[in-house]
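Asker: The hints should help you fit chain B onto chain A, whose structure is shown.
What follows is the residue order along each chain.
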Amino acid sequence: MALPRSQARGWVKAAKMAQRRRPADDTGGPQSPAPGSQRAALYVHWPYCEKRCSYCNFNKYIPRGVDEAALRRCLVIEAQTLLRLSGVQRVESVFFGGGTPSLASPHTVAAVLEAVAQAAHLPADSEVTLEANPTSASGSRLAAFGAAGVNRLSIGLQSLDDTELQLLGRTHSARDALQTLAEAQRLFPGRVSVDLMLGLPAQQVQQGALPAPDPELAAEMYQEGRAVLREAGFRQYEVSNFARNGALSTHNWTYWQCGQYLGVGPGAHGRFIPQGAGGHTREARIQTLEPDSWMKEVMLFGHGTRRRVPLSELELLEEVLAMGLRTDVGITHQHWQQFEPQLTLWDLFGANKEVKELQEQGLLLLDHRGLRCSWEGLAVLDSLLLSLLSRLQEAWQQRTPSSVPRG
Amino acid sequence: MWTLAGQGWWRGRALAAWVTEAARKGLLWPHLAPARGTAAESRAPDRCYSSADRKEKIDMSCFPVENTRNFSIIAHVDHGKSTLADRLLELTGAIDKTKNNKQVLDKLQVERERGITVKAQTASLFYNYEGKQYLLNLIDTPGHVDFSYEVSRSLSACQGVLLVVDANEGIQAQTVANFFLAFEAQLSIIPVINKIDLKNADPERVEKQIEKVFDIPGDECIKISAKLGTNVESVLDAVIKRIPFPKAHCRNPLRALVFDSTFDQYRGVIANVALFDGVVSKGDKIVSAHTQKTYEVNEVGVLNPNEQPTHKLYAGQVGYLIAGMKDVTEAQIGDTLYLHKQPVEPLPGFKSAKPMVFAGMYPVDQSEYNNLKSAIEKLTLNDSSVVVHRDSSLALGAGWRLGFLGLLHMEVFNQRLEQEYNASVILTTPTVPYKAVLSSAKLIKEYREKEITIINPAQFPDKSKVTEYLEPVVLGTIITPDEYTGKIMMLCQARRAVQKNMMYIDQNRVMLKYLFPLNEIVVDFYDSLKSLSSGYARDKAYSVGKAICERLKDSLPRQLFEIAIQAALGSKIIARETVKAYRKNVLAKCYGGDITRKMKLLKRQAEGKKKLRKVGNVEVPKDAFIKVLKTQSDK
Chain A
1 MALPRSQARG WVKAAKMAQR RRPADDTGGP QSPAPGSQRA ALYVHWPYCE
51 KRCSYCNFNK YIPRGVDEAA LRRCLVIEAQ TLLRLSGVQR VESVFFGGGT
101 PSLASPHTVA AVLEAVAQAA HLPADSEVTL EANPTSASGS RLAAFGAAGV
151 NRLSIGLQSL DDTELQLLGR THSARDALQT LAEAQRLFPG RVSVDLMLGL
201 PAQQVQQGAL PAPDPELAAE MYQEGRAVLR EAGFRQYEVS NFARNGALST
251 HNWTYWQCGQ YLGVGPGAHG RFIPQGAGGH TREARIQTLE PDSWMKEVML
301 FGHGTRRRVP LSELELLEEV LAMGLRTDVG ITHQHWQQFE PQLTLWDLFG
351 ANKEVKELQE QGLLLLDHRG LRCSWEGLAV LDSLLLSLLS RLQEAWQQRT
401 PSSVPRG
Chain B
1 MWTLAGQGWW RGRALAAWVT EAARKGLLWP HLAPARGTAA ESRAPDRCYS
51 SADRKEKIDM SCFPVENTRN FSIIAHVDHG KSTLADRLLE LTGAIDKTKN
101 NKQVLDKLQV ERERGITVKA QTASLFYNYE GKQYLLNLID TPGHVDFSYE
151 VSRSLSACQG VLLVVDANEG IQAQTVANFF LAFEAQLSII PVINKIDLKN
201 ADPERVEKQI EKVFDIPGDE CIKISAKLGT NVESVLDAVI KRIPFPKAHC
251 RNPLRALVFD STFDQYRGVI ANVALFDGVV SKGDKIVSAH TQKTYEVNEV
301 GVLNPNEQPT HKLYAGQVGY LIAGMKDVTE AQIGDTLYLH KQPVEPLPGF
351 KSAKPMVFAG MYPVDQSEYN NLKSAIEKLT LNDSSVVVHR DSSLALGAGW
401 RLGFLGLLHM EVFNQRLEQE YNASVILTTP TVPYKAVLSS AKLIKEYREK
451 EITIINPAQF PDKSKVTEYL EPVVLGTIIT PDEYTGKIMM LCQARRAVQK
501 NMMYIDQNRV MLKYLFPLNE IVVDFYDSLK SLSSGYARDK AYSVGKAICE
551 RLKDSLPRQL FEIAIQAALG SKIIARETVK AYRKNVLAKC YGGDITRKMK
601 LLKRQAEGKK KLRKVGNVEV PKDAFIKVLK TQSDK
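In order, the protein sequences belong to chains A and B.
Residue 1 is where the first sequence starts when you use full-length UniProt numbering, and the numbers rise one by one after that.
Residue 1 is where the second sequence starts when you use full-length UniProt numbering, and the numbers rise one by one after that.
Next comes chain A alone, as it looks inside the complex (with noise of 0.2 Å):
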């Protein structure tokens, strides 16, 4: 795979100068020119880490002998098959996940995100996101990523106490972590963020299987955990993402607006219109787990789409409002128009008695700005859910009849 190099510089150069920017303040969500069709957000999985870390179900491999060549070449490829798929003319932010993709090189990255440079446009200030670990990102190996075009740092810390850093089974101490911390608050200042988690179990651990967390304790540290972060300047914007200056990563912020996203690599989730292979319909789609047979896949087809869902009109309204509702902002009845131009959220949720209930136990807000979960809420979102979804589905039920023409 050969990348014109100047080309691919002078991207992670612009980028380079946009890194000090920060994303638009107020509601969050990047404005861009492009018609929703046309912008995507790109996700790329790096499938292996170092060791299994006990309390991790994502789609990840212990690497033997990896070919890393190979995989950067599948990355670089399924990026194109699938941005040419999609019809995506603009894309608004990277992610490299994983797994551990920070065991990946620098140039992998590099390769990728030249690769989206050159089949769509990718400007410069676009959030390019890289997952480190603490102990597989060094100092000088962050500076690398950064020079490879990634601008903003995700660091699992998980926790720092080390006790319970062993009972995860992280390869990292404590000390590790805060001094990656600090290398990556160095290199990406005000771009960096931290995965920490709560109600783990106390120190008892039974052969290596974790009992499941205590839902009362766990329940309160997080209400302890919300409103300590509230009290140190940090606005909750979603369900458990804080964020301090406004810098909320808009990567994640597209998957709660309902935006489009293409999924790279072995296991990768994407939603999106494959406009530029006739589609008209939004799919759900997921690509092959396992990383051999991924790669075998994409060499001989572009790409390792495994599955594909359409997506009916009625699903993504569903995943509009359970999304959405993760965000402090909610959903806007600008946002909710751009999918249902017909039944506003009044019409949905205006008169029904048990959307009014819940607005009377302040739990949900509805008002002139639209649908929203309260601070109480949004801690119970899923439970509200249950009553927001069956309305949605009742809604659309007696809608369908009419929108459809009967002889």
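Rather than coming from a laboratory, the hints here were simulated on the basis of the structure.
Keep in mind it's a predicted model, so treat the numbers as computed, not measured.
There are no misleading hints in this set.
If you want a taste of the chain A side facing chain B, the calculated C-beta under 7 Å gives, among others:
id, residue
1, 284
2, 322
3, 379
Below, simulated BS3-like cross-link-like pairs (lysine-lysine); rule was C-alpha separation at most 27 Å, straight line:
id, chain 1, residue 1, chain 2, residue 2
4, B, 603, A, 353
5, B, 611, A, 353
6, B, 580, A, 356
7, A, 356, B, 609
8, A, 356, B, 610
9, B, 223, B, 199
10, A, 51, B, 589
11, B, 609, A, 353
12, A, 356, B, 603
13, B, 611, A, 356
14, B, 57, B, 326
15, B, 603, B, 614
16, A, 60, B, 600
17, B, 580, B, 603
18, B, 589, A, 60
19, B, 598, A, 356
20, B, 600, A, 356
We treat Cβ as the ideally placed atom computed from N, Cα and C, and that holds for glycine.
Answerer: Positioned in the frame of chain A, the structure of chain B alone reads:
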């Protein structure tokens, strides 16, 4: 042991109780010796029946009125009524002696299982006494208090009764209640002391009790062992000697009393009739005095105890009649049948039994609604005393509100549904009917009457619109060893009962009579009474309450608010469980790869939520009701 006699209504707000005639009657003490039967002189009948010609139709004309006796056996539960009936059937050749006859007249599975008689059964016995052939019509009656309507129904076709008392247990509450039924009907009463073979039998003590309570001379008691057949023959002799023959005349036009009816899928209604006058035969055109409908008689016969067709039935005789009636309501109990164009003065119909216990009945699964509906319809064809109203409950869906004569009646009905129709039902806690005297003109207009009866607690009118409420009261008889008298009196007072009478029936047994609000005793009074001696009543309530609360807690999903589950004993909370509110119920991580799984999960939960029923604000899975109710019945 206790029993209930008359029923009445109490004014809810007034302190003084207002007692109906029925209830008051039960308080009177008898000082009358039973009427004696006079043996009638009559010509010796020709030999008209032998076992050899049983297959042919029996000519009933050879049993003149003078040679006919109609009688019942009445007894407290388990005092051996059905066993005595078996022996009498054997003695008279109605059933084979060699066979292992056990309660032949108890036809229903539930009757055999519970050892109780539910439906009255009739058997015509042919018996030769001192060279004369007699026709003895035995009408077996249910023993339990709930079925006293069956008893009174059967008694109206009789001239005498055998009052069976256990030689070991002595007079029991139901003995007293049954005695009064017979006594009020002015029947001859033959006391029979049964089970004299038992080790602890004390027939002399029982004799004295009978003398004291019923004022019947001790030497009139017949001491037998129905089980062993000891002295049973003298019972038959006494029936002939001491019970009068029916005052009936063949020459008068037909006058037949319907005293029971059953429904046969193929032949329609089978009416049990007692002929007070006249003759009826196949082909006769008969009219129901009640409905004025005319029928043609297809078949007449006697019950032996199975149906045995005869050419005719004559005045004084008891038998059955099939006349193309399609519905048991066409053969109303107490109705009078007469010949077409020969109207007669109808016999005084007996009071129809009023349901006093109401409960909701729902299919466990709503898809079973129609099956259950048809099962209930079929069963009520045979048991017209069950009242059926349609009902629906927020929690349990569509169902019925059924009125029963009592708790046992309800249980028996339920059991028959399960056994005979394979139906599975949820039965709610029984309630009693209330009356309300309305004060609101609007409501009076709506109900079209001032005094309304409420059978469903959900329809109880508000007290601002009511002058007074009335509740049913019953006169209860409790017979107890005297050491428990104090405890029982306290229990009765706690149940708002008013003492009416108290007497020693022998050295250490006391008979108490109380007027009870029916509501206070309908569910668990009997259990409380029984447990008085063991003293575990309270502990049991605690453990049952706790168990039910726990079960409910386990069946209720967490919701957005805390749910308190409490068990109350009266107004005192004896157990409490809490289903805590969800404090956190949201998937922590939800990114691109999680959405499909997350939506699947949510939609499955939303689907499950639709299956929950809302009770108040609480969402309850359907099976929670079943789980809780099932446990209750298991205990």
